[in-house]
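Protein chains: 2
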Amino acid sequence: MTALEQLIEALKRLPGVGQKSAQRMAYHLLQHERQAMGQLAAALTAAGEQIGHCQRCHTFSETALCAICADAARDARLLCVVETPADQAVLERTGSYRGYYFVLLGRVSPLDGVGAREIGAAQLLQRAADGGVEEVILATSFTAEGEATAHVLGDALRARGIKATRLARGVPVGSELEYVDLGTIAHALSDRR
Amino acid sequence: MTALEQLIEALKRLPGVGQKSAQRMAYHLLQHERQAMGQLAAALTAAGEQIGHCQRCHTFSETALCAICADAARDARLLCVVETPADQAVLERTGSYRGYYFVLLGRVSPLDGVGAREIGAAQLLQRAADGGVEEVILATSFTAEGEATAHVLGDALRARGIKATRLARGVPVGSELEYVDLGTIAHALSDRR
Ligand SMILES: [Zn+2]
Ligand SMILES: [Zn+2]
Numbered sequence: 001m002t003a004l005e006q007l008i009e010a011l012k013r014l015p016g017v018g019q020k021s022a023q024r025m026a027y028h029l030l031q032h033e034r035q036a037m038g039q040l041a042a043a044l045t046a047a048g049e050q051i052g053h054c055q056r057c058h059t060f061s062e063t064a065l066c067a068i069c070a071d072a073a074r075d076a077r078l079l080c081v082v083e084t085p086a087d088q089a090v091l092e093r094t095g096s097y098r099g100y101y102f103v104l105l106g107r108v109s110p111l112d113g114v115g116a117r118e119i120g121a122a123q124l125l126q127r128a129a130d131g132g133v134e135e136v137i138l139a140t141s142f143t144a145e146g147e148a149t150a151h152v153l154g155d156a157l158r159a160r161g162i163k164a165t166r167l168a169r170g171v172p173v174g175s176e177l178e179y180v181d182l183g184t185i186a187h188a189l190s191d192r193r
Numbered sequence: 001m002t003a004l005e006q007l008i009e010a011l012k013r014l015p016g017v018g019q020k021s022a023q024r025m026a027y028h029l030l031q032h033e034r035q036a037m038g039q040l041a042a043a044l045t046a047a048g049e050q051i052g053h054c055q056r057c058h059t060f061s062e063t064a065l066c067a068i069c070a071d072a073a074r075d076a077r078l079l080c081v082v083e084t085p086a087d088q089a090v091l092e093r094t095g096s097y098r099g100y101y102f103v104l105l106g107r108v109s110p111l112d113g114v115g116a117r118e119i120g121a122a123q124l125l126q127r128a129a130d131g132g133v134e135e136v137i138l139a140t141s142f143t144a145e146g147e148a149t150a151h152v153l154g155d156a157l158r159a160r161g162i163k164a165t166r167l168a169r170g171v172p173v174g175s176e177l178e179y180v181d182l183g184t185i186a187h188a189l190s191d192r193r
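Quick mapping for you: the protein sequence lines, in order, are chains P and F.
1 is the number of the first residue of the first sequence in full-length UniProt numbering; add one for each residue after it.
1 is the number of the first residue of the second sequence in full-length UniProt numbering; add one for each residue after it.
The hints are simulated quantities; they were obtained by calculation from the structure and are not laboratory data.
Bear in mind the structure is a predicted one, so any value in this text is a computation, not a measurement.
It cannot be assumed that every hint is accurate.
Put simply, identical chains are the same to the list, so a pair is met inside one copy or across any two.
With a straight-line Cα cutoff of 20 Å, these simulated EDC-like cross-link-like pairs (lysine to aspartate or glutamate) come out [said to hold, decoys possible]:
1) Lys20 to Asp181
2) Lys163 to Glu147
3) Lys12 to Glu178
4) Lys20 to Glu49
5) Lys163 to Asp191
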């Protein structure tokens, strides 16, 4: 394989990128973005070497504990479960939540063979049983898969005697949490059930 | 910026990739494709260091002359102008063409400020005046931009007394050359006008 063919093959490993997109990306980078190629290579290498998972909340972190888990000033009685770091960032920006998080980095998807095990349910149950947690707020997306995830995790938590709530339905059904306006999310947080 | 933020910013430099796609790509790579991250980094670095342009046809090449331009057995009377290496590969696979190529690596797009100069028209005119070329076949896509490109280049070539033809209209209008079946392309080649 030539260097160009190898680049196209490597780009095809990105999610949602097929042969045609990978070719277009490779030609664009080579023709117009030589500097960006080096930056992307360096960012990939650095990310691969430096980014692991937070021991407590499972989110991507360059340190054993992420900045939020390392912040002792937060409310240890609340644990909020989100799908992605982007969803977590949106909740942080509402300024309405001061508890801790657990970041699934995925959601239940039976058709793809992604079950409770694959999204770290055992790790969540362990974290929720960690002294002090009084309520787990399930803030997964209000999509079919997000709802299924909340359902599975809620059942597992309640079976262990842990209180599990869901964001109120103020969040528009069918939407990705990340795109919901902050006021709606703040309202949904206070109305959790 | 954290390593994760830097990775997301770098991925946003890929064409067609916005904030949301870049996040999704970064999470996916970190969660499921650690090996692919290293391969992509290496492929980007190698491509940046090794891939330049062929001196004669302008396509991406790791050598001063690409394999086709270096092949003295081809028909030097024919020069075929294509938009991308992918289009060139399709023409090669028809087995119907034995001349040389000029690869624009782009197409005229007035709305984006991409004119004849930006797609290397001067270099093409110089190559076409290179002793021996009797006909330039304009095999740009049959899209609005590809037609505009063929029009601009055809006028410039004819103004210099160089015969310029266009692939026959056997190629379905509005389609990208790369997706057209080989038989249609072979037919369009023989019917060029
Ligand atoms: Zn953490
Ligand atoms: Zn060449």
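Here is what the structure says about each hint:
1. Within a single copy, Lys20 and Asp181 get their C-alpha atoms only as close as 35 Å, which misses the 20 Å cut-off; across copies the closest is 16 Å, which meets it.
2. Taking the closest pair of Cα atoms, Lys163 and Glu147 come within 20 Å of each other only inside a single copy of the chain (17 Å); across copies the shortest separation is 65 Å, beyond that limit.
3. For the identical chains of this complex, Lys12 and Glu178 are inter-copy neighbours only, at 18 Å across copies versus 26 Å inside a copy, given an alpha-carbon limit of 20 Å.
4. Taking the shortest alpha-carbon separations for Lys20 and Glu49, neither the intra-copy value of 30 Å nor the inter-copy value of 23 Å comes in at or below 20 Å.
5. Within a single copy, Lys163 and Asp191 get their C-alpha atoms as close as 15 Å, which meets the 20 Å cut-off; across copies the closest is 75 Å, which misses it.
Figure legend: structure checked against the earlier numbered hints; the only hint not met is number 4.
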